[in-house]
Amino acid sequence: MSAHATTGQHWDTSTAPLLVAVGCLLTVPLPFASYFQYHSLGMAVGFLGIGVPTLLAGISVWVKEGVNQKHDQFGYSQMALPIFITSEVLIFLGLFVSYWAVRLWAPLWPPAGSPHIGTTIPIIMTILLVTSSYTYHVAEGKLEEGDMGGFKSMLGLTMLLGFLFLGLSMFEYSHLIGEGFTPSSNIFGSAFYSITGFHAAHVLVGLCTFLAVLLPALNGKTNMDFVKCAGVYWHFVDIVWFFVVSQIYFW
Amino acid sequence: MKEWIFTTDHKRVGILYLIGSMAAFAVAGIMALLIRAEQFNPGLGVASEPTQYNTWLYFHGAAMILGFLIPGLTGWAANYLIPLMIGAKDVAFPRLNALSVWLFWMGIVVALLTFVIPDPPDIMWTGYPPYSVKTAGNTAFYVFTVHLIGFSSILGAVNFITTIIYMRAPGMGWKQLNVFVWSLLTGLIIQLIFVPVLAAAVTLLLFDKYLGTHFFDASAGGDTLLYQNLFWFYSHPAVYVIFLPAMGLLFEIVSTMSKNRPFNYNALVAGMIGIVFISGEVWVHHLFTSGMPDWIRVAQMVTTLMISVPVGIMVMSLWGTIYKGSITYNTAMYYGASCFLLLLLGGLTGIPLAMAPLDLHIHGTSFVHAHFHFIMGIFAAFTVFGSVYFYFPKMTGKMCNETLGKLSFWLNFIGVNVTFWPLFYIGIAFGMPRRYYDYSRIPEATPYHHIATYGAIMVGLGITLMLVNWVYSAIKGPKAPENPWRSASLEWTHAVSPPPHGNFASPPTVSSDWTPYNYK
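Top line first, the protein sequences correspond to chains A and B. Mind the numbering: the first sequence is residues 1 to 251 in the working numbering, read in order. Mind the numbering: the second sequence is residues 1001 to 1520 in the working numbering, read in order.
Keep in mind the hints are simulated off the structure, nothing from the lab. Quick reminder that beta carbons are idealized off the backbone N, C-alpha and C, glycines included. Just so you know, not all the hints are guaranteed correct.
So, partial list: chain A residues that the calculated Cβ filter (under 10 Å) puts toward chain B [what the hints assert, rightly or not]:
# : residue
1 : E65
2 : I91
3 : T120
The task is simple: from the sequences and hints, build the whole structure.
As structure tokens, this is what we get:
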């Protein structure tokens, strides 16, 4: 916040956006292309080695500035998040439409050679995710009452349920891959792993967001907008799961 | 320097967008010249091999649309102008805004890597499978360019929609907004809804090529046309993401230079909203030759032609705006006035392409190529150039050199017409296909390709002169008066040039009879 010497005006700055953008470039496109296009594991690891710390540094600067209210906070986050979620809905819709298109025109579904996919695991996963939405709702209530300890423990519980969800997902994947059912087995494998995997990626992003809420909260710092937005995002991920379950497992 | 690369101020972010998009434009323009050089004579061999020619086509298309037109309009123009026009201090999320511009730059970096990596992408900007899956080229970089710039666009759309809804100056009603604000709002709604579908499509493409999935592989139960449908479900609305803000900028220039309010403001805004509703139901006209039941062709022909209703309303408003106006002809208005012709040319040649029975015969010919270059490429680019001249005093506090500006305008304007009229003709007369590397089967098209290449060289000269003029005038230009065009819009009446951080000395409020077009 130093005033500019010559013109007497200052310009707000933040190192976070550039760090995050460069981190994104080094963490996803370059390693992916190095490994899959040019078959160089060393180069991929090298890019990841620079990229992941850069990305994490950018995100932590961003969160730090956020909880310390360092910048102009116009306070529109809770209005903007539904607008962002609109576009998330459309990306899932794009995936589902692709799935419907290949499925509805298929002569036989599931295609020959697909294993039977049980419904026990997805039912447990559904219960976990719905419970975690509820526990986060309780956590928000605790924070509004000013019960910081209750907030932290309920947030921790929410994250635990989220991790259990991901763990079950990994268990199911390894089981199916063990039976020889992979993304390249047939079109059902492609759709199954892409849609459930894309949803799992959203769960992971939600958990990272929670981590970014939890770490400052351990030092007693929170930003109510951020807490609410993380919750709305988590509920959205929860709702998408109902579509995933109904379309993939129970149809 | 630190205050530039770490900036979160919307005006500086806007300038960063302008620099990035003009860089993409310049490199993509060189690709266009190389393509024209290759097509000068059949089988000339400027490209060392056909794959290199494909790489030029890829970079030209991808960089012009994703790197120049969309970021130029929804990046530079939106960032610089929206908060000033609505009387806000900044955008709703300044740091998110800075993230958008840097993600866009990272997308440009990935695209530019095309020229240094082995096996660059060679799949046009469309990336149709099965070729994009089977090619040895680096399809991954194509996908990640789309991802980075697409994510940047979505964040930008969220940011600006929030800003326009919640941060208007006290007293500023929906009918008092600048036309550009409306055009951007409608364009960004389209962007918000359709970009994610493109992201999904290219992600599945990435999985198909590198992870062995079968979404677009018909031999394993996938559907090749699925990609084309998903791609155009985004990419036709993308035309309106470009067209609407371009139209908005055009109205700002034309009304200010004519000292006349935009004619029929309510109908004009209704037309823009109408486009949001129709834009998502017309994409199949890109696939008329791809095989489908006739009833779908007929239905999509009707919806496509329906687009000409809102567009027609806008064009009538445009003509009504200059009617009995007091017109000043300077460089900005030269570009504005030329757009009247470009709109007519590009719009009217779109009508035969919307008709399935005609389109079956001229699909994929250079007629199509010339049509969309006029309406999407040149029209939108001319509105960007015109508005850079228009807002030059605002951004730099200096006046731009008018003589050089007009000279480069004439080179550009005559050049594009010389380039694309022959392409219209040979598309119809000889069925000259788009994109061809070698056309030795159609030798009679050669003289027309000569003319087109000469036109492209003229445009190359014009653009170079224009860029030189911008840099020269930004450094050496005479100091600009506060409101050189006597505009009535907030960015000219209430802010100094260039505006400081926070834009306005005191937050502006407007009365109920204020509009940005109350000229004295």
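Okay, the hints, checked on the actual structure:
1. With a least beta-carbon distance of about 7 Å to chain B, the hint placing A:E65 at the interface is held under the 10 Å criterion.
2. Contact between A:I91 and chain B, as hinted, is supported at the beta carbon level, the nearest pair being about 4 Å apart and thus within 10 Å.
3. Taking 10 Å as the C-beta cut-off, the interface hint given for A:T120 is violated, the closest approach to chain B being about 26 Å.
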